[in-house]
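*Asks:* So the sequences go chain by chain: A and B.
With the first letter of the first sequence counted as 1, position 302 gets the number 302 in the numbering used here; the numbers rise by one all the way through.
In the numbering used here, each number is its position in the second sequence, counted from 1, plus 336.
Bear in mind the hints are in silico, worked out from the structure with no lab data behind them.
Incorrect hints may appear among the rest.
Said to hold, decoys possible - Rough simulated footprint, nothing fancy, chain B against chain A, three-plus residues with beta-carbon under 8 Å:
hint: 1; stretch: 31 to 38
hint: 2; stretch: 300 to 312
Claimed, not checked - According to the in silico footprint, chain A covers these stretches of chain B (three or more CB under 8 Å from chain A):
hint: 3; stretch: 361 to 371
hint: 4; stretch: 466 to 479
hint: 5; stretch: 593 to 602
Given the structure is predicted, the values throughout are model-derived calculations rather than measurements.
Think of the CB as a built atom: it goes at the ideal place given N, C-alpha and C, for glycine as much as any other residue.
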Amino acid sequence: MTHAAGPPRPAAAIGRTRAISRFILKRIGLALLTLWLLSVLIFLGGHLLPGNVGRAMLGPFADQQAVDVLNHQMGTDRPLLVQYGDWVAGFLTGDLGDSYAYRAPVADFLGPALLNSAKLAAVAFVLVVPLGILGGVVAALYRGRPTDRILSVVGLSATVVPEFVSGILLILLFGVTLRWFPISATWDEGAGVLTQLYHLILPAIPLVLILFGYIARMTRAGMIEALEADYTRTAILKGQTYARVIWRHVLRNALLPTISVIATQTVYLIGGLVVIEILFHYQGIGSLIYTAAKKKDFPMLQAGVMSIGALFAVTTLLADLLYARLNPRIRFGDRE
Amino acid sequence: MKDDLRRLLRQPAFDIGLVIVLFWVACAIFGPWLVPHDPYADDLINTLMPPSAEHWFGTDQLGRDVFSRVIVGARDILTVAPLATLISTILGTALGLTMGYFGGWVDEVLGRIVDAVLALPTVIVALLALTALGTSMITVMVVIAFSFAPIIARTVRSAVLAERSLDYVAAAELRRESTFYILFVEILPNVLPPILVETTVRLGYAIFTVATLSFIGFGIQPPSPDWGLSISSNYGMIGGGFWWTVVFDSLAIASLVIGINLVADGIEGLRHD
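Here chain A stands alone, though its shape is the one from the complex (with noise of 0.2 Å):
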């Protein structure tokens, strides 16, 4: 014990961190176990799927020597689970493999893919957040009304409808007819962050109208269950003015499963660039992996699966994180 020299604290506060840091490691476990159970299924999609990979590189009339040759330079003759032991050890060294299209480490790839997607997920999210809360809000306090209803209807239907659909359209008005905005997010190299922002507005639409329907609703949900809560009683009860009362205590609850939302929209996000990269012919990581699932390059494909698998791993341990910080109820240990 750390403490030992200080004064003896509470028992309460003793359970309370406890519990906090048997909280966090719990999420931490969890989040190791699915990586590592995602490794394994994305590992097979790409190893025992498409069988002999030498074959499947050279095509169906390559001399069987030659194919041999090739799987043993590239290590695919060996066992599977000493390929996957190789390939597992490699991430973890930030050796991710060569691209079997490209012929060159696949990291060189996939960085600034991945930083070119973030630029793009990082204007949508600006654009969404406070929109779809806004959105959830005005709602939850017209609920039942005309503004609600409208609001519902929009959000949903804005949310099902694929990004290529809502991105073509939005290329035809605002990039064809208006004129208004680039229909390539492709900026000149060196161009300024003012110029790159320009150019990733409208792909970062079709993303912002997929989640502003789902935050929306769960800001709404949050709102009306807070609303209607006790303690938002007692708070107008005791004379506070309405907007203080939504403010420091509706809000405040409301937004507690918005975050979890928002965590796990990140993996339709990128599911999402997929589509969006291609339409707006963006280097990301949408379509690295297209590029890489067109031309069979396995090595690119697994790497840059895996990296999302990684990625909304963390979001998910970060946002569990945040929860947790910010919920009273897990902050204090009442419950797990």
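Based on these hints, arrange chain B on the given structure of chain A.
*Replies:* Structure of chain B alone, referenced to chain A:
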């Protein structure tokens, strides 16, 4: 039941959704006999013609009639997506019943695998599987079925957990009924409503996914007049102003997914009232 239906039909959003879905189902079934032109016939003299009295939605780069293609284009997606949803519902229900009924380590192990699958976007899972297995309608269906099954399993599992401790289950166990009987004859009928809602919602996502996969070339294959596929082969030209080659297909997809989700939302709302 009749009462529920009447309440559903009184919601304008549900009605609009239902009309849209029924319209596209009718197009999928009867489309080929209704359209004014052959959706597959090239006409290389009249390529990329704007909408006119002869071609209401114009013609595409091979001179095919866009209107006819949009109508008949409902066919493949409305075959693949519902079948995929059906398979995933069957799989997911079986999985969810097993997880919820047995609990313990079965639930724990299956739950972990489900979480790992859910950690990846469906489109990415599909890309990985379709690259490895090769693209075909069957593969698309199987991939969607497998990625949606865990989500349905989760819903079924939590519904089963609520039923698990009820007396009728204990009674069946005392009668020494087989596990299969208890799961599918005793418990299943009682958890049908949440399964129905989840299935409708999944159908919307299945259409979303099939359309997306077709757009990126891993779904429905040419020469099908499928919407996603048509957009994929024409969107490169929209900079040139040939908007009619993509707009109608886009609106078709949008209307179908919105329609299905309005229906799903209506049914879901009914359960919460």
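*Asks:* Would you mind marking each hint as holding or not holding in the structure?
*Replies:* Okay, the hints, checked on the actual structure:
Chain B is given as covering the stretch 31 to 38 of chain A, and this holds because 4 residues of the stretch bring a CB closer than 8 Å to a CB of that chain, at least three being needed. Only residues whose beta carbon comes within less than 8 Å of a beta carbon in chain B count, and the stretch 300 to 312 of chain A has 5; three or more means the coverage holds. Against chain A, the stretch 361 to 371 of chain B contributes 0 residues with a C-beta closer than 8 Å to a partner C-beta. That does not satisfy the three-residue criterion, and the hint is violated. Chain A is given as covering the stretch 466 to 479 of chain B, and this holds because 4 residues of the stretch bring a CB closer than 8 Å to a CB of that chain, at least three being needed.
Under a criterion of three residues with beta carbons nearer than 8 Å to beta carbons of chain A, the stated coverage of the stretch 593 to 602 of chain B is upheld, 6 such residues being counted.
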